[in-house]
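For the sequence shown, the working numbering gives the first residue as 2, with consecutive numbering after it.
Rather than coming from a laboratory, the hints here were simulated on the basis of the structure. Heads up, some of the hints might be wrong.
Pairwise CB distance ranges (calculated) [stated by the list, open to error]: (1) D90 - N48: 42 to 48 Å; (2) K130 - A50: 37 to 43 Å; (3) V51 - N18: 17 to 23 Å; (4) T75 - R36: 34 to 40 Å; (5) T157 - K94: 43 to 49 Å; (6) P159 - E73: 38 to 44 Å; (7) E103 - N48: 33 to 39 Å; (8) F40 - E133: 26 to 32 Å; (9) D19 - E133: 20 to 26 Å; (10) V109 - Q57: 24 to 30 Å; (11) N81 - L26: 31 to 37 Å; (12) S141 - S32: 27 to 33 Å.
We put the CB at the ideal spot given by N, CA and C, even for glycine.
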Amino acid sequence: GAYTARLFILGKAYYPNDKIFIYDLQNDGVSTTGREDNFGLIRHYENEAVPYSAKQNYLAYAAAANKLTGAEFTEKIETNPNIGLYSFDRNGKKMLTVWAIERNENIVLDLGAESVIVSDYLGNAREIKTQEGIINIAASEYPIYIEGDFDKTEITKPVFYLDSQKMKVPLGESAEINI
């Protein structure tokens, strides 16, 4: 699911007038070990509990297409080589897409907004209240969509953080955190 969504996002950013072709629509068979049998966006029609049912890649592709239809790419925001952070404009509102390329990583953004809508790679959305305009995103290989009326996109430091070196606690023991 992650790569299909990222392909769609990158295609929209760098090749907005081109078509995106995905190999292939339907699994070619039902073997769990047969390489060619499992590339599809939907399941095969034989020996499946639900023939032609959507696989994770299909759902991720549908969510990316839904989020990016009518959106215009504005910029790639430079953070570090492990983070993909792209800005789009859709109907006068900003939308960011973010993911981690090789390893999970937290990214802290100052958006200057009271709240934003954050959607996972499958399109499940929820409103997130910011802390003085700042939001902390746990980026993984799966794209996240951030939408709202924010007037800036700045990489910043967390409002607070825990020093992991000081938080090692043996199993069964407790620790106290004072803020």
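Results for each hint:
no., hint, result
1, D90 - N48: 42 to 48 Å, "holds (46 Å)"
2, K130 - A50: 37 to 43 Å, "holds (40 Å)"
3, V51 - N18: 17 to 23 Å, "violated (36 Å)"
4, T75 - R36: 34 to 40 Å, "holds (38 Å)"
5, T157 - K94: 43 to 49 Å, "violated (21 Å)"
6, P159 - E73: 38 to 44 Å, "violated (31 Å)"
7, E103 - N48: 33 to 39 Å, "holds (36 Å)"
8, F40 - E133: 26 to 32 Å, "violated (46 Å)"
9, D19 - E133: 20 to 26 Å, "violated (41 Å)"
10, V109 - Q57: 24 to 30 Å, "holds (28 Å)"
11, N81 - L26: 31 to 37 Å, "holds (36 Å)"
12, S141 - S32: 27 to 33 Å, "holds (29 Å)"
The structure does not agree with the numbered hints 3, 5, 6, 8 and 9 stated previously, though it agrees with the rest.
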